[in-house]
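Visitor: Single-letter residue listing:
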Amino acid sequence: MKEALNKLEGLFEQGRLSRRAFIKSAAALGVTATLSPVLMPSPVYADAPKRGGRLRLGLNGGATSDTLDPGIQLAMMPQTLVYGASGNSLVEIDADGQPVPELAESWESTPDAKKWVFKLRRGVEFHDGKSMDADDVIYSLNWHRKEGTKSAAKALVESIVSMKKEDKYTIAFEMKSGNADFPYTLSDYHLVVGPKDTDLSKGIFTGAYVIKDFEPGVRAFATRNPNYFKSDRAWFDEIEILGISDVNARTNALKTGQIDVMNRCDLKTVHLFKRMPGIQVMRQDGFKHFTFAMRTDTAPYDNNDVRLALKYAVDREQLVKTILRGYGRVGNDHPISVANRYHAGELPQRQYDPDKAKFHLKKAGLSSTTFKFHAAEAAFKGAVDAGVLYREQAAKAGITIDVVREPNDGYWSNVWMKKPWCAVFWGGRSTEDMMFSTAYAKGAAWNDTYWDNKRFNELLVTARAELDEKKRRGMYEEMQRLVRDEGGVVVPMFSADLAASSDKIGHGKLAANWELDGFRAPERWWFKS
Amino acid sequence: MALSNVKGIVPLLSKRIGLGLVTLWVISVLIFVGVEALPGDLAEAVLGQSATPETVEAFRKELKLDMAPHVRYFAWLGAFVRGDFGNSLANKRPVADLISWRFANSLFLAGVTAMIAVPVAVLLGILAALYRNTLFDRLISIATLSTISFPEFFVAYILIALLSVQVAIFPSIANINEQMNFWQKLYAIFLPCLTLAMVVTAHMMRQTRAAIINILSSPFIEMANLKGLRRLRVVVRHAFPNALSPVINVIALNLAYLVVGVVIVEVVFVYPGLGQLLVDSVSKRDIPVVQASGLIFAATYVLLNLLADVLSIVSNPRLRNPR
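If you're matching them up, the sequences are chains A and B in order.
With my numbering applied, the first sequence has no gaps in its numbers, which climb one by one up to 529 at the end.
With my numbering applied, the second sequence has no gaps in its numbers, which climb one by one up to 852 at the end.
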């Protein structure tokens, strides 16, 4: 009994158990009286979520051209507003990266993961008072599937062959091929549910806050949804999001108490910021990573020895130390982060090794070639500097890199996927399958290395439909090794997300899937009393 | 007197307004060609890294970006002449809605700044001329020239560090909104106002000083001095009115700058003005918004220059009756 209780306490403290669930389980054990008083709901416990207040977020990543259309959510400000504050998907990703029910109540699949049945939560109301049922969900998913859609989530839902309404609260999905991660797919921030036959860009959803005012890039204001279906969330009365693109302005605004939360701290000064009284700095090690993508269909990068030479020629530790100021982790030439489920921890870390780099370059017979590396600050902050450091490191291996500085403007349309070797930003994906199918599978729209590895492509399809954890892990580990040793990317580093808030803000364990607790700060956080 | 003033001005006014319209039209063509010449279009710019050929195609079709440039330009011009500014391509909102309140904000900031900066600059200029080559003259010259020599954002950060972080008297961000009343707004924009006032004062002050000193060497001032008038009276009553015309021109230029050129201050203080909208729209290739804000900026220059000329003429009878 004591053991069970300790375990419960432990889970609660790590934030894996909601307070409600904790109290319920503790009550089931019949031990509430012996509980440590700090874990029980009482005014004594300073950290207990408390209702009230206006949360003011100062966010980088908003433009005057933003919209509320869930299909075109490209920046932090609308993402935090639409997905984080006012919308829900069928599935939610919890602080441990696990899919948990949100608008769906439960789900199950056939053993080949080809057919999925989702049961919906009953009694959910939209902000306009209409109650949600299967028709709304189907309509909302079709928003990204319909003819001529410009949704960025089109690729995610393309694998759905059909959606059938079995009854008012049950939907049967049929997939093109098995997809064991389908619940993850449905947790995507684009796939929020709105009422049927309504323009989704009107911003009417089911979530914790009702959008009252949205001035793109400037300000958004939302008030608490009194009929929200989650009773242990949405603690604030009001949410105000301000677009503050200048990092110094954000920092000053937080320091002077004009906002409560800011995202993307200045790496150069965050160590000073940490020492300020009344400020807490939050670090999330998520999926965000930077790559140097080589087009494997273009000479000289079609030669794996060239790619290996360039992979051995980069000193990752130094890049993390200089470009990220230590707020990140070294990459291992594959895009799977430690926050992913099947990260191959046993795969040896690739080290900076000028001798091996020299060896591979010689083997390729290209010792005198100059490699043009295209970069711009638009790729990621410090990309050009990273290129210059890389040039110096590679020079020690006798490799000549020429760093070409590209204009920020139009980088993604004119340089990325066009130039044979360039710097790339990736927000990362919460599952291995999404990451690999987005950017490494043959023919994928964003396969920026134009990589085509037969074994990898086979494994991708098999692993996707595999429900056996162990077998699946084996396959994903092999795929990470394939990308690392034969793929077209140098992955020098994973970047941590740094946010800061006033220390009056309380929160549980932070989810790592997106910035600010998976964008859900407005819904999950609270003001301490 | 009043009638003779108006007489010389009406034909000039109509001529200048006509020329102004032609200028605006030329500018609209230049803006359109300029934005077209930039690489990429709205569909690619908005979708950014997440663009795929299909979604870009769908986007273009919806926005009619697949039509020829000249067709789109004349369609825009036709609507514009009829008073329809069109909708933003990026978020479908009417351009008039996007621009009107931001422009009002820009005017508010510029107006308040001008109310502070113009009298201060003119007064300092007169005083500097009056006490020219004294320690006082040198001090205000050094002070104002220093503030103009620092970049705006530097002045802004120093003011924030002093007046909102060290001593918390003024807010560091000036994000005014409709929920605030007039006095709250004034309080919120204190620091950006101060920053801009420091930046524009030097120019106007130096011009006032130079113009007055220039006049002070004319024979009629010598006459006034010989009559035994007090120096203050000579400068204020005799020299200053004759120095007005160059001063007015510089003030007009600075006012125009305050309306159209304060993007950096807007960014530092998170002020929702027109500058940020223009920058965002250019980077997203949102032509209707760029056109409308570009034309407003151009019109501001045209109108303020016109106003400056009119005022110069009113203040100077010699210009009214050109020989």
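Just to be clear, a hint being listed does not mean it is correct.
Below are the BS3-like pairs computed for lysine-lysine, each with C-alpha atoms no more than 27 angstroms apart in a straight line [as the list claims (entries may be wrong)]:
id, chain 1, residue 1, chain 2, residue 2
1, A, K418, B, K590
2, A, K442, A, K419
3, B, K621, A, K196
4, A, K212, B, K714
5, A, K146, B, K593
6, B, K593, A, K418
Source of the hints: derived by calculation from the structure; they are not laboratory data.
Visitor: It remains to establish, for every hint, whether it holds in the given structure.
Guide: Verification of the supplied hints:
Note on K418(A) and K590(B): the hinted pairing holds, with a Cα-Cα distance of about 24 angstroms set against a maximum of 27 angstroms. About 19 angstroms separates the Cα atoms of K442(A) and K419(A), which keeps this hinted pair within 27 angstroms; it holds. For the proposed pair K621(B) and K196(A), the alpha carbon gap of about 21 angstroms is at most 27 angstroms, so the pair holds. Straight-line distance between C-alpha atoms of K212(A) and K714(B) comes to about 21 angstroms, which keeps the hinted pair within the 27 angstroms bound.
A hinted pair counts as satisfied when its Cα atoms are at most 27 angstroms apart, and K146(A) with K593(B) qualifies at roughly 19 angstroms. Taking the CA atoms of K593(B) and K418(A), the gap is about 26 angstroms. The hint holds against a cut of 27 angstroms.
Of the numbered hints given earlier, the model fails none.
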